[in-house]
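As numbered in UniProt numbering, residues 1 to 170 make up the sequence shown, in order.
Careful, some of the hints might be misleading.
Claimed, not checked - Label-pair ranges, simulated between beta-carbon atoms:
{"hint": "1", "residue 1": "P22", "residue 2": "Y151", "range": "27 to 33 Å"}
{"hint": "2", "residue 1": "N6", "residue 2": "S81", "range": "33 to 39 Å"}
{"hint": "3", "residue 1": "A138", "residue 2": "A7", "range": "24 to 30 Å"}
{"hint": "4", "residue 1": "G20", "residue 2": "R164", "range": "22 to 28 Å"}
{"hint": "5", "residue 1": "V5", "residue 2": "R150", "range": "33 to 39 Å"}
As the list claims (entries may be wrong) - No farther apart than 16 Å at their CA atoms in a straight line, the calculated lysine to aspartate or glutamate pairs in the EDC-like style are these:
{"hint": "6", "residue 1": "K31", "residue 2": "E134"}
{"hint": "7", "residue 1": "K122", "residue 2": "E146"}
{"hint": "8", "residue 1": "K12", "residue 2": "D28"}
{"hint": "9", "residue 1": "K153", "residue 2": "E134"}
{"hint": "10", "residue 1": "K31", "residue 2": "E101"}
{"hint": "11", "residue 1": "K12", "residue 2": "E87"}
{"hint": "12", "residue 1": "K153", "residue 2": "D133"}
{"hint": "13", "residue 1": "K78", "residue 2": "D38"}
{"hint": "14", "residue 1": "K30", "residue 2": "E94"}
Bear in mind the hints are in silico, worked out from the structure with no lab data behind them. Glycine included, each C-beta is placed from N, C-alpha and C at the ideal position.
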Amino acid sequence: MNLLVNAGLAYKVYHTSARGLPLGAQIDIKKFKVLILDSGIYQRISGLNLSEFIASDSQMLINRVHFAELLAGLELIKSSSPNAHPELYYWHREAKSSNAEVDFIVQGKSGIVPIEVKAGTKGQMQSLFIFLDERNLAAGIRLSAENFARYDKIVTVPLYAASRIRTMLP
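Please work from the sequences and hints to get the whole structure.
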């Protein structure tokens, strides 16, 4: 894995407790997820046929969620400053028997911004709401197949506009 990361073919997204800034000071190097830095390689490894994948119903392919998360992560990395290492993290609740996870955590202009990725237009955001409540944050971002919108504390951004999130961060 480290060879792939060192070769620039993969990126480790580390878990952060996200209790304050900087986010990187609170990582657990033993907990990470990996983004393969080429969606074509991911499709090949997963055995996905791109034309079937794009045209399919969101319930049909189990990998659709992982692919949406990969695309969102790659866009967030790509939109980072070219002069600095990308700061991209994730969070999961560390309480026993809890499976709450927020896909990505980034630092905005005014603080911590959680980002939840959904492959379709539906899906609960319980983990995002838990994170917002525990950290007393004003807003979070949902990346999905929906159009731009705002629901209470959640700003919805279409997946195709994921690269614009860093310019929209509060």
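Do the hints match the structure? See the list:
{"no.": "1", "hint": "P22 to Y151: 27 to 33 Å", "result": "29 Å, holds"}
{"no.": "2", "hint": "N6 to S81: 33 to 39 Å", "result": "21 Å, violated"}
{"no.": "3", "hint": "A138 to A7: 24 to 30 Å", "result": "40 Å, violated"}
{"no.": "4", "hint": "G20 to R164: 22 to 28 Å", "result": "26 Å, holds"}
{"no.": "5", "hint": "V5 to R150: 33 to 39 Å", "result": "36 Å, holds"}
{"no.": "6", "hint": "K31 to E134", "result": "21 Å, violated"}
{"no.": "7", "hint": "K122 to E146", "result": "9 Å, holds"}
{"no.": "8", "hint": "K12 to D28", "result": "12 Å, holds"}
{"no.": "9", "hint": "K153 to E134", "result": "14 Å, holds"}
{"no.": "10", "hint": "K31 to E101", "result": "13 Å, holds"}
{"no.": "11", "hint": "K12 to E87", "result": "10 Å, holds"}
{"no.": "12", "hint": "K153 to D133", "result": "10 Å, holds"}
{"no.": "13", "hint": "K78 to D38", "result": "12 Å, holds"}
{"no.": "14", "hint": "K30 to E94", "result": "14 Å, holds"}
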